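Engineer: Read off the chains here:
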Amino acid sequence: MAEGTLSWERVQVEREVETVSRPSLSYWQDAWIRLKANRRALISLYLVVALLAFTVLGPFVWTVNPAAQDLDQISVPPGADRTATVAEDYTPWRGVAATPIEGGDTLLAPASVTVADQPTTTAVRLYWDAVAGAGGYRVYRNKYDPEPDGALGLPIAEILSPANVSFEDRLDLKAETYFYSVVPLDRSGGESASYTTVTADVTRVITAAEAASKGLIENASDVSPGDTVKMAFHPLGTDYLGRDMLARLMHGARVSLFIGIVAPFFFVIIGILYGSAAGFMGGRADQALMRFADFVVALPFLLFMILLRILFNVESGDSGIGPMLVAMVLLSWPAAARLVRGQILQIREEGYIGASRLLGAKTNYLVLRHMIPNTMGVILVTLTFAVPSAIFTEAFLSFIGMGVAPPTPSWGSMCNEGLKTMLTTPHELIAPAAFISITVLAFNLLGDGLRDALDARMRATE
Amino acid sequence: MSEIADTPSPSVPEGVAGTGLDIRSLGQILYLGGIGVAALGVLLWLLAQWNEGGAGEAVDSATGTITLSLGGEPPQLDSTRGTDAVSFNILGHTMEGLLRYNAENRLVGGVARDWEIGDTTATFWLRPEARWSNGEPITAHDFVFSWRKVLDPRNASEYAFILYGLKNAEAVNRGEMPLESLGVYAVDDRTLEVHLERPVPYFDKLVAFATYNPINEAFYESREGRYAADAEDLLYNGPFTIARWVHGAGIRLEKNPQYWDADRIRLNAIDYAYFTTDPNAIINLFKDNKTALAGLVAENLDDALQRRWKIKRFSDGAVFFMEFNHREDRLTRNYHLRKAIQAVNDSPELVYRIIKLPGNLPGASLFPVWLKGVDGYFRQEYPLTDPPPDDEAGRRHLALAIEELGLDGPPTLVMLIGDSPTAKKQAEYYQNLYKQKLGIDIKIDAQIFKQRLAKMTAGDFDLVMAGWGPDYDDPMTFADLFASWNENNRGRFDSPELDEAVDIARSSSDTKTRMDAMARVQQILYDEAAIVVNYERGSVYVSHPRLKGIVRRAVGTDPDYTGAWID
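First to last, the sequence lines map onto chains V and P. Number 219 in my numbering belongs to position 219 of the first sequence; there are no gaps in the numbering. Number 297 in my numbering belongs to position 297 of the second sequence; there are no gaps in the numbering.
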């Protein structure tokens, strides 16, 4: 054995091989890149952010009170004309009296019908010539010309005395042209075949005091009768009580999104704890826990909701949001629990978990390093899918009247109200329905994108 | 649906791997969904066709049949126990009492040919030709039997009070006296003698009410508790009989050949083929020429104008008001709180801007404008001045109320309402009105009819939106509503002066004295702000142009088709 000739040298390791061509990406960075590539998910994400801004910041920008009723502008669609003429204060009208004229068998039409004063949205005043032999008169109003078929329209009033030959119409007047027809009645109330029609071009008016109280002008003395003012601006129109649709949508979104985000947040947390406990323990404990989850799934939601209302002592005039939230949290967690449990069971058997264990990893480390990141995708996806379903449940319950109490709006109750006037004023239904649809769609597509982006196994495919 | 399915599918963006639900499959889903919805639509249409097989055109002149919709299944056709409008309507067409209203709304003889009403007795002589639908003659005993039945405590009739004018009626109804002591006797088969507890000047109007109808005792007993449960469990004496009654689906009335005045009846059959209260369903049936009459709501007035229908209106006689709870433990017992609410009330605004239906009149008095007074209309003879809303006065009264009640600020009140969309709309209007003008917060408690009645009876409210329809054609039907002894005085309004006035009005036989007393009732209710009257209800409707002679009225059968004919 020769000595001293042997020299040990450190072998040169070729570091080049290990050079990273791209910066190392964390799980979240990687997921974000994949999400950004998914255009639909990205647009949905922007929509969700916009909706949150609409809800939280909207009321600071658009400071209209959602409960204030603008009775001069009821069921006004967006973009309607809103100029009004300033008029004198309303004073009751004494009417026009006439001496009844005795007459023959056939009732003739009134010789003339006259519109007194300027016809306005406050009142249209009519008077006519007495008809010989009439026992009274009936006044009709139409939006369309009664000729040629004599469709007189709405019977607006009956005057059961021949001594009165005038009528003041104040019923729901709009700024349009009306056709008024006066038909004489015989002594027993029978209607004559002849009538006289007059047209009235109604102008929209507002009194100076009213305009000032609504904040349209500074002082009532600033304007004089005949001037024009602009009525309050309602960008999305008004509802059946003249309430601003935009303000109601913003405030309604608070309820809808509050329920939609808070309820899923809580039941997903419960689901994670429950599911991971079941998955971790396995065996009999797992069986028992999951059978209990099955039992909860079988409970009918609506019945539970009603019971909770009684338990919470919610009177019919109170808001049902509390019991709704509790019912959702109590009944909706099993879906999340099942998913998480399935995931945990699967991960528990993975080789890297076994290796990690052999290397001496503690339970805490296993859970935090391996389990949670690997179930995170499932959890987030469950959450984003739960949001639209919760929003929908809230809308449904408010629609059937078990949600918010008036005057608090919610998208669901707004749909319910809009449905009644769907054919005449569709904007009252379309706006809240569009908001519900867009929100639900955005959360669904975002959830879809997140599922793909957060799936850890997808890293291998790139 | 097809439009959505035809939309070209945008291409799938490159480089996005594993997108679970790609757009192409979304398009396919929409396409399949479209087909599914179309198939479902066809199926539903077929079902609808099959379902409607039984019902004919709105008006069929060949068979003399008209088809109509009805508010629902009549809940109780036993005249001694019926309480609702639908049952009274069917009873009005199939039964006849001693007297009835004719097409001009005048009282004429029904089963009775002559009658005489004195201060303490009333006598009715029955027609010999009046018969039951099985051919048996109608006798005075049939009236004695049914009137005793109404007051029999075991029958628990809710309308028993309407017979309280009869001698011993109240005691009999409480079970303190035997049925036989009731003041109604059959002198012979064709003479009915009635003994009255006190003078009832409007007794002739009372006997036209359905609760006073006769019932054949032998037939009643033969049904063994099933009386009026089905078409064959009833014996008819009116212009029509029930020919077919499919529970929950339809009722068909056919002309009664045994009716004594059968020549007057020109329709052969009335087919109530649809049970619905949905205004849109009712109007659609009319549009499709399936029914001959339809009531309109404010939402479809424009549609009706566009179709150039001939629209009619009538007042159904009912008055709607906000009733306060006057019980000891309620804030609304405070006079100034009620006065504050009364002061800001604006009935014209409610009627012209919120309800928007022609026919409704802004209300001020509990007594509607159509009631007859001494010579003419009651309200023209005894006008009630209701000043326009005065917010200043309202706030003044509220400040006094807050001080008297020792409150920190404007209170929160519970408003009990029905569950109809109109009621909700009005309640929201009032909620905002009271909040804006007085700062009072209102909690709206919407309940179905039965539950609302139960809560009203229990006094579980501060304010309640209530209404009252007339039972008979006399101001008394409204005047005694807020008497302290009246069960229907749900707010327990208690005023000795009002009770005294009601007592005079119901027992005096002098019309002027009676009407003066009614006017006092009207004034007390207003001055004390016992209630705030909102509106007098009216309605507008359309009917088939060939169907003539329909009578709409406030008191009595409405709508009344007994005198109708097809032109």
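Quick caveat, the hints were computed from the structure, so don't treat them as lab data. Remember, predicted model here, so these are calculated numbers, not experimental data. From the three backbone atoms N, C-alpha and C, an ideal C-beta is built for every residue, glycine too. Heads up, some of the hints might be wrong.
Part of the chain P face toward chain V, derived, beta carbon under 8 Å [said to hold, decoys possible]: (1) I117; (2) K312; (3) P358; (4) S420; (5) P421.
Engineer: If a hint holds in the structure, say so; if it does not, say that too.
Structural biologist: Hints versus structure:
1. I117: violated (26 Å)
2. K312: OK, holds: P:K312 within 8 Å of chain V, min 6 Å.
3. P358: Result: holds, 5 Å to nearest chain V Cβ.
4. S420: With a minimum Cβ separation of about 11 Å from chain V (threshold 8 Å), the hint on P:S420 is violated.
5. P421: With Cβ-Cβ at 6 Å, under 8 Å, it holds.
In the structure shown, a violation is registered for the earlier hints numbered 1, 4, in ascending order.
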